[in-house]
Structure formats: structure tokens, C-alpha cells
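Residue numbers (this note's numbering), protein chains in the order written: chain A, 18 to 265; chain B, 1348 to 1654.
Because the hints were derived from the structure by calculation, they are not lab data. Just so we're clear, the structure is a prediction, and the values are computed from it rather than from any experiment. Yeah, the Cβ is synthetic: ideal placement off N, Cα and C, and Gly gets one too. Any given hint could turn out to be false.
As the list claims (entries may be wrong) - Label-pair restraints from in silico Cβ distances:
no., chain 1, residue 1, chain 2, residue 2, range
1, A, N19, B, G1387, 52 to 62 Å
2, B, G1387, A, E265, 17 to 27 Å
3, B, S1371, A, K30, 42 to 52 Å
4, B, G1507, A, I139, 48 to 58 Å
5, A, R34, B, S1463, 48 to 58 Å
6, A, V22, B, S1463, 24 to 34 Å
7, B, H1566, A, T183, 49 to 59 Å
8, A, I139, B, E1459, 22 to 32 Å
9, A, R182, B, Q1358, 31 to 41 Å
10, A, I44, B, Q1358, 53 to 63 Å
11, A, E265, B, Q1358, 33 to 43 Å
12, B, G1387, A, R182, 19 to 29 Å
13, B, G1507, A, V253, 39 to 49 Å
14, B, R1521, A, R182, 35 to 45 Å
As the list claims (entries may be wrong) - Here are some chain A residues pointing at chain B (derived, C-beta under 10 Å):
no., residue
15, G103
16, I104
17, V124
18, R238
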Amino acid sequence: MNSLVKMAWVESKLFLREPVGVFFTLIFPLMMLLIFGTIYSNTPAGPGSGGPQAIGSLIPAFTAMVIGITGMMPITITMATYRENGILRRLRTTPVSPMVVLVAQVVVVFSMTSLGVILLGIAGRLVYHVQFLAHPLSLLGGFTFSCLSFFGIGFILAGIMPNARTAQIIAMVLMYPMLIISGAAWPSELMPAAVQKISAFMPLTYVVNLLRGLWINESWRQHTTDVLLLAILLVVGVLISIKLFRWE
Amino acid sequence: MEPIVKVERLQKAYGDTVAVDDISFEVREGEIFGMVGPNGAGKTTTIECLEGLRKPDQGTLRVMGVDPQVNGQYLRERTGMQLQQSNLPDRMKVWEALDLYASFYPKSADWEVLLSELGLNEKRNTYFSKLSGGQKQRLFIALALLPDPQLVFLDELTTGLDPQARHAIWDLVRDVRARGKTVLLTTHFMEEAEILCDRVAIIDHGRLVALDTPQELIHNLGAEERILFTLKGSLPSGFEKAFSGETRVEVQGERVVIHGKNGRAVPLVSEVVSLLSERGIQFTDLRTEQPNLEDVFLSLTGREMRE
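Here chain A stands alone, though its shape is the one from the complex (with noise of 0.2 Å):
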């Protein structure tokens, strides 16, 4: 247990001294919020678009941007790299046990996400006065639940990719068109109908639906489609995680 604490404790401030982790989690969905802020302040309300409830319906979706970011890229890179690089072949040496690793991963980028979220909530109060509609427990059991079906993913890249390189190209390459196509970085209602259909294939689409319907106060009843999906997505993610997990 002491061993998972301390290994939690330094990893996190190993992401934060990855300039790059920083921005993405914890800047990057600020910035996002800042434009399509303005963007929808400027705008007359109307179907889709304007108004303070339209730049509340970003936060859940820029919610689901910041797992969709986290759980595909600094756990594939983290991970792919200590693999390569012999960090997991001196860890190999000590007792520690495989699942401290993981685990200790888990925690790391799930506080990191949480963190990105937060100031996006803060930032939505405080700038735009968006309302807060949805119940805490409900929506941050979604948040939860939502993080760690996805953050498989990301162990599941770092398991099957060759090397640090190859896993940063393809999470690159999976992350941004899903971010887009999915309706987290970017309102789905707002895109062609065929792209629409592509999106039932993005795991990050159920995030932001479940995401987006807790918001604004409807039950997960509402969302079992979502919920199921994300379900099996976390039931497969941990066993492949493991079973993959692998020191060199």
C-alpha cells in the first residue's frame, strides 16, 4: 500500500513536469472553452447554438475531450515508454508487484483528468455563470465510471505497440478524429449525417452521451445503451490490460 501511495505521488508529479501532458489535460480544454465560449456568447440563442445553456452543454462534452485525451495518450506514451526504455525492466528487479504499476497509472491520470476538469467547471462558473443542474453524486459516478472504461484504451495501445514512437503516431492518429467525430471537441449535432454515423463506433461517443444527458439531469436509465457499452469497454480493458501487461 505504501508502495502504491509513494508510486501515485511521483508519478503525478512526473505528469506535471510534462509540459506537453499539462497542456493537453489541463490547458487545452480551457482554451477550448475559452473559443467556442465567445463563439456561442456572440451568437442569438436558437436550436443548437448561443446562449449560457448552450456553453454549459461544453462542459460535459469537453469532459469527455479531456478522458478521450488522458486516456489515450500520456497512459499509451507513459506506458510504451517505461516498457522501451527499461524503466518497468528495473522495477522488474524489486518486489513490486505489476499491478502497484498499473494501478498507480490509474490514479495518476484519473486525479491529472479530474484536475482538467475542475478548471473547466470553474472557469465556466466564473467566466460564462454557467448553472449547475445535475446531481454531484450521479455525475461524478459518470465521470468515474466513464474514466476508466476509457483509460483501457490507452493500456491496452501501450501493450500491443512495438515501441514508444509507433505508440504515440497511433494514439495520436485514433485520438484527434474521434475527439472530433465523437462530439467532445466539437458539437456532433453540428456535423453531416454520415459522419453522425461513423461516431457509433467511437467508444468516446458513449462518454459524451452519458456525459451530456447527467448534465443536464437525466437518469443513467435514459443511457443504457451507453452504460452498457462503456461496461463491456471497462470489463475488456482491465482484463487485456493485464494480460498484456508485459516488464520489456
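The hints should help you fit chain B onto chain A, whose structure is shown.
This is chain B only, laid out in the frame that chain A set:
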């Protein structure tokens, strides 16, 4: 006393390439035992089998009385391992690495003490990536000493270090032995093995070609030592015949080389010097060339040892 490491007929192949071919040896408690040989000789494979990182194809291994494949966790808690290829995250600070690794052991040594003993106190807040090669190796030694181990594995500890850093590391390894710990190391520097190790196993092409103290290995070689000096004036006649035993004198202008068998009753150098001063012959720049492990390797394998 039961040896701390026992290797019996170890064999390991990677596909068609035989890395270790029937190696047996024992390491005694409290010694610095070196496996020496060129790159690709099978040293790292052997040490990694002993560490439990690789599975032997055949043979029996006992480390501190247990089989590394069966009781890996037992050994990871009680031995220190420094690997040839391993790393820490670039932005991890020295103290953070020690603090983190200390938390992995049920009973760990005080890392603050290790930090100063290994001369890393000034670097405690430095990122791993900013350390020099020698400092990184010192940190790895510190990490290997964290479990307060009875046995420390050091794989190619000084590869890539400059001579000064290398000497500093040798002193540290001797300190480790002075604490009553056993050291099993590999190196491809013959000089390092000769200076540092109590006993040396010479390994070539996956086979053990010799095992003894460096002194015995050199002595048994029966090679020549050479005394070289520069004359002021000329040699008196009959000088060549004045030595006991087999010697050969070569004169190249002012430079004189005397070849003699190594391991004589009276050291050749003292015989030469007393003869020169007896006869009142002026000389400068006298030095001796002793056979070394390099020569042992050459004579055993018929090849020069290449880095």
C-alpha cells in the same frame, strides 16, 4: 560453507543461438566474483538467469539456497540488482527514486545514508536525465543496496564511463564487499576484473574457459615479464649472462628490454636493478611490463579481447 550462488551445467539458447553452453561455477560468500569476457560471451544471460529474469533451458541454479525461477520474490526482496540496460524516468529526481524504491522492500536500508555514502547528496534534487554516466551508475548501486542485500548483482557497471569515474566505482564496489556483502559482477574490461575481483570466471562463446584468482590465472600462464630501461652509456660485456634462470636481453640503441619468465623466486626487476647499481651502470625510465588477464585471455582463446 554453502556457496551463496551455485550454477550447475547452465544452458540457455535464443532460437539457434547458444548463449550459455554448459557453465558451472560457485560464488563464495563475501567475495567479489567477476564474469569476464567479450560482448556476447553469455555473461549477461548467465547473470539474468541467476536474477530470475530469464528462464534457463537446462541446469540447476541456487541463489542464497533457492531456485530463482521458483522463489523469485524471495530473491527480489533480498538481493540487489543492477542491470546492464535499465533506466529511470527522465524527470525523476534522485531522492524521489531512492524514496520510491525504498518503499518496495519490507525492510529497506536508510536511503538518506546511502545517498551521502555514494556521494550523491549534492545531486539529490537533480533529474535522472541530467546525471552523468558515473552518477547514474552510483544511483543504480544505491538502488541495489536499498534492500540491504547479502548479494549484489552488477552487470557491466562501468561500461561507457571515463577512467576517473570507473576508478570511483571500483572503490564503491570494494566498499560494498567491506560491508560483508557478496558481489557478482560482469565486465568486458580485463583490467577491471584483474584489479577488482577476488576470483574471475573467463567466459567465451558461452563457455567457461578458466576460473581462478587473477593472480593464479596470470601465474599459471607462465608468460614473460619485461623490464625496460634507457641506458646512459653502454652495457658491459657479459651482462646478458649475469642473470639467474632463463632471460633474454634485447638492446635497441639506448633502450634495453630484458625478458624473463614470470613467477620466479627472486623478482626479475630486483635482480636487474641490483645488477645495474652493482656495476655502476646509469639508467633512466625503468619500467616493468607484467603479463595481465588480457594475455591470459589471448592465450586461452587465441584471440585478442576486443571492447
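We went through each hint and held it up to the structure:
Between N19 of chain A and G1387 of chain B the beta carbons are some 41 Å apart, a value that contradicts the proposed interval 52 to 62 Å. With their beta carbons about 19 Å apart, G1387 of chain B and E265 of chain A fall inside the hinted range of 17 to 27 Å. One distance hint, 42 to 52 Å for the beta-carbon pair S1371 of chain B and K30 of chain A, holds here, with the actual separation near 47 Å. Restraint check, G1507 of chain B to I139 of chain A: a C-beta distance of roughly 49 Å satisfies the suggested window 48 to 58 Å.
In this structure the hint that R34 of chain A and S1463 of chain B lie 48 to 58 Å apart at CB is violated, the actual value being about 25 Å. Between V22 of chain A and S1463 of chain B, the C-beta spacing of about 26 Å keeps the proposed range 24 to 34 Å intact. Distance hint for H1566 of chain B and T183 of chain A: a CB-CB separation of about 55 Å, consistent with the stated range 49 to 59 Å. At roughly 40 Å, the beta carbons of I139 of chain A and E1459 of chain B sit outside the given window of 22 to 32 Å.
Checked against the hint of 31 to 41 Å, the pair R182 of chain A and Q1358 of chain B passes, with Cβ atoms roughly 36 Å apart. For I44 of chain A paired with Q1358 of chain B, a C-beta distance near 56 Å keeps the hint of 53 to 63 Å intact. Between E265 of chain A and Q1358 of chain B the CB atoms are about 22 Å apart, so this pair departs from the stated range of 33 to 43 Å. With their beta carbons about 27 Å apart, G1387 of chain B and R182 of chain A fall inside the hinted range of 19 to 29 Å.
Checked against the hint of 39 to 49 Å, the pair G1507 of chain B and V253 of chain A passes, with Cβ atoms roughly 43 Å apart. At roughly 41 Å, the beta-carbon separation of R1521 of chain B and R182 of chain A lies within the given 35 to 45 Å, and the hint holds. The interface hint given for G103 of chain A is met, as the beta carbon of that residue sits about 4 Å from the closest beta carbon of chain B, less than 10 Å. Taken as an interface hint, I104 of chain A checks out: its beta carbon lies about 5 Å from the nearest beta carbon of chain B, inside 10 Å.
Against a cut-off of 10 Å between C-beta atoms, the interface hint on V124 of chain A is violated, since the closest Cβ of chain B lies about 14 Å away. Against a cut-off of 10 Å between C-beta atoms, the interface hint on R238 of chain A is violated, since the closest Cβ of chain B lies about 44 Å away.
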